[in-house]
Amino acid sequence: QQPVQSPQAVILREGEDAVINCSSSKALYSVHWYRQKHGEAPVFLMILLKGGEQKGHEKISASFNEKKQQSSLYLTASQLSYSGTYFCGTEGTGAGSYQLTFGKGTKLSVIP
Amino acid sequence: DAGITQSPRHKVTETGTPVTLRCHQTENHRYMYWYRQDPGHGLRLIHYSYGVKDTDKGEVSDGYSVSRSKTEDFLLTLESATSSQTSVYFCAISLDSSYEQYFGPGTRLTVT
Numbered sequence: 001q002q003p004v005q006s007p008q009a010v011i012l013r014e015g016e017d018a019v020i021n022c023s024s025s026k027a028l029y030s031v032h033w034y035r036q037k038h039g040e041a042p043v044f045l046m047i048l049l050k051g052g053e054q055k056g057h058e059k060i061s062a063s064f065n066e067k068k069q070q071s072s073l074y075l076t077a078s079q080l081s082y083s084g085t086y087f088c089g090t091e092g093t094g095a096g097s098y099q100l101t102f103g104k105g106t107k108l109s110v111i112p
Numbered sequence: 113d114a115g116i117t118q119s120p121r122h123k124v125t126e127t128g129t130p131v132t133l134r135c136h137q138t139e140n141h142r143y144m145y146w147y148r149q150d151p152g153h154g155l156r157l158i159h160y161s162y163g164v165k166d167t168d169k170g171e172v173s174d175g176y177s178v179s180r181s182k183t184e185d186f187l188l189t190l191e192s193a194t195s196s197q198t199s200v201y202f203c204a205i206s207l208d209s210s211y212e213q214y215f216g217p218g219t220r221l222t223v224t
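So the sequence lines, in the order shown, correspond to chains A and B.
Sequence positions in the first sequence follow our numbering and run 1 to 112.
Sequence positions in the second sequence follow our numbering and run 113 to 224.
In case anyone wonders, no lab produced these hints; they're calculated from the structure.
A few of these clues could be false.
As the list claims (entries may be wrong) - If you want the footprint, here are the derived chain B segments under chain A, 3+ residues with CB under 8 Å: (1) 151-158; (2) 184-193; (3) 213-223.
No residue lacks a Cβ here, since even glycine has one placed at the ideal position from N, Cα and C.
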C-alpha cells in the first residue's frame, strides 16, 4: 500500500517553515525521507526507525508516530535550495519487508 | 557521493525489442534495487537483490527480469519492451534493508 503524502504541493517564501506529512495504512518499521530536484536522482535526508532512533540532517527534522503510522518532515527557515520534490518511503514490519514503498511526493517551491 | 553508475543513460528502442539496463556500484553494498519513476506515481519498486543471485519481486515486476552474478552489478532486462515501459529507471543501493538508499543518476528509456 502506497503511503499518502500531504500536501501535494506547497509554495513558501525564504525563511518560512513547512511541514510535509506521510501516512500509511500498514504497521511500519521505518520511514525514510528523500528530496529530488528536477532532472536529478533522489537524495537521502532522514530515516526514522521504530523505537525512536532518528538519523538526519541539520535544519530538517522529522517525527514518527508508530501508533498512527504517520511521519512528518519539518523544514525550518526554508532556503531556495530546499526546493524540490520530497518523497517518503515506508518499510513495513511484516515478514520479508525488505523494501520501501514510496509516496507520490510533495513538490516544494521556495521563492525569494 | 556513493559510487553508483547506470548505463546507458538514455535509450530509445522499438516495441518488442529486448533491453538491458546496467547498474554498477563500487561500495560493496549488499542490497540493490531497481525503481521506475513516472509522473504522478512517484518511485515504484520493480525488483531488488539482497545478495549475489538473491533477488525478489517488487510491486511492478511484470515484464521485467533481473540478474545479479556479482556484488557490484545488477542488471534489469525488459524481454520485449512495450510503450508502457517508457519511464525513468533508477538503481539504488543500501548497506542493509533498513538503511538509507543511494540512488544512481537514472536511465531515461523511451519505447516507440
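Outcome of the hint check:
Against chain A, the stretch 151-158 of chain B contributes 6 residues with a C-beta closer than 8 Å to a partner C-beta. That satisfies the three-residue criterion, and the hint holds. As drawn, the stretch 184-193 of chain B meets chain A at 0 residues by the rule of a beta-carbon pair under 8 Å; below three, the given contact is violated. Remark: the stretch 213-223 of chain B is confirmed as covered by chain A, as 6 of its residues place a Cβ nearer than 8 Å to a Cβ of that chain, reaching the required three.
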